[in-house]
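The task is simple: from the sequences and hints, build the whole structure.
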Amino acid sequence: MWRLASNFLGKTSLYKKSYPLIHSIPLKSQNQNVKPSFFVVLRYIYNNSASRPSLSIWRRKKEMGKEGLIAAKELKRLQSNPVRLDRFIKSNVSRLLKSDLVAVLAELQRQDQVFLCMKLYNVVRKEIWYRPDMFFFRDMLMMLARNKKVDEAKQVWQDLKREEVLFDQHTFGDIMRAFLDNGLPSEAMSIYEEMRQSPDPPLSLPFRVILKGLIPFPELREQVKDDFLELFPDMIVYDPAEDLFGDQDSEDD
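Residue numbers (full-length UniProt numbering): 1 to 253.
Hints are computed from structural coordinates only; laboratory data are not their basis.
Yeah, the Cβ is synthetic: ideal placement off N, Cα and C, and Gly gets one too.
Treat the hints with care, since some could be wrong.
[As the list claims (entries may be wrong)] With a straight-line Cα cutoff of 30 Å, these simulated DSS-like cross-link-like pairs (lysine-lysine) come out:
1) Lys76 - Lys126
2) Lys119 - Lys98
3) Lys90 - Lys76
4) Lys90 - Lys73
5) Lys119 - Lys154
6) Lys148 - Lys119
7) Lys148 - Lys212
8) Lys154 - Lys66
9) Lys161 - Lys212
10) Lys90 - Lys161
11) Lys119 - Lys66
12) Lys76 - Lys148
13) Lys66 - Lys76
14) Lys66 - Lys126
15) Lys119 - Lys76
16) Lys225 - Lys126
17) Lys98 - Lys154
18) Lys161 - Lys66
19) Lys161 - Lys148
20) Lys212 - Lys154
21) Lys119 - Lys161
22) Lys126 - Lys154
23) Lys154 - Lys76
24) Lys90 - Lys66
25) Lys73 - Lys98
26) Lys148 - Lys126
27) Lys148 - Lys98
[Unchecked claim] Here are the in silico distance ranges between beta carbons for each label pair:
28) Gly65 - Gly183: 34 to 40 Å
29) Ser56 - Gly183: 41 to 47 Å
30) Val83 - Lys161: 30 to 36 Å
Below, the structure is given as structure tokens:
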């Protein structure tokens, strides 16, 4: 029985190298020669794994099955025909497994298929397994920022506010940088105001990410810089050379 338990522990150690099992199992006896029973080992493994939070489905590796591949291809083919597209979504897409539906949405986001992404975005939020998730909304906003879709981004933002989704500081910084990099400073600053009101404690790294994205917008950068120095008085902000954009303008001329 002990040999069976040792083999089982050897297999699990491939996945949990940082969690040595045998040495951390408390023994009733002080005798080091006494080995823990098979059931003690199994109970420890179960309790140890059950106490760790599961990874969000929106952060897992997304691989489509055959049904998902067919659905993605058909969605792209029918997007010019709204009636047939809606019929296909109701009859086929809504029947996809959760993993396939998540993978199809991720693939359409990668291809910047904004119209189809918004369609599946609404489908996902009606699924019985759906739970509001920070990474679900982050991926949608990043895709919409890349494609400069302001109205759709406002809709998604209203939905996440209604569902009481809270971004952490790093996610705020990433989303704001996406809007800045795509020439949408007004939308980025609206997100910045939400970030400043967040109950999550401010961190210096997201601010630095934002300040770098604000280099083409000096007035807005000064506003964020003042907030940064107020929050982190012991830190230094390295400003770009004053003639950086002057040289660029002369080259363009």
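So, going through the hints one by one against the coordinates:
no., hint, verdict
1, Lys76 - Lys126, "holds (21 Å)"
2, Lys119 - Lys98, "holds (16 Å)"
3, Lys90 - Lys76, "holds (15 Å)"
4, Lys90 - Lys73, "holds (16 Å)"
5, Lys119 - Lys154, "holds (16 Å)"
6, Lys148 - Lys119, "holds (18 Å)"
7, Lys148 - Lys212, "holds (20 Å)"
8, Lys154 - Lys66, "violated (34 Å)"
9, Lys161 - Lys212, "holds (27 Å)"
10, Lys90 - Lys161, "holds (27 Å)"
11, Lys119 - Lys66, "holds (21 Å)"
12, Lys76 - Lys148, "holds (21 Å)"
13, Lys66 - Lys76, "holds (16 Å)"
14, Lys66 - Lys126, "holds (23 Å)"
15, Lys119 - Lys76, "holds (12 Å)"
16, Lys225 - Lys126, "violated (41 Å)"
17, Lys98 - Lys154, "holds (26 Å)"
18, Lys161 - Lys66, "violated (35 Å)"
19, Lys161 - Lys148, "holds (21 Å)"
20, Lys212 - Lys154, "holds (24 Å)"
21, Lys119 - Lys161, "holds (20 Å)"
22, Lys126 - Lys154, "holds (19 Å)"
23, Lys154 - Lys76, "holds (24 Å)"
24, Lys90 - Lys66, "holds (19 Å)"
25, Lys73 - Lys98, "holds (18 Å)"
26, Lys148 - Lys126, "holds (26 Å)"
27, Lys148 - Lys98, "holds (29 Å)"
28, Gly65 - Gly183: 34 to 40 Å, "holds (38 Å)"
29, Ser56 - Gly183: 41 to 47 Å, "violated (30 Å)"
30, Val83 - Lys161: 30 to 36 Å, "holds (32 Å)"
In the structure shown, a violation is registered for the earlier hints numbered 8, 16, 18 and 29, in ascending order.
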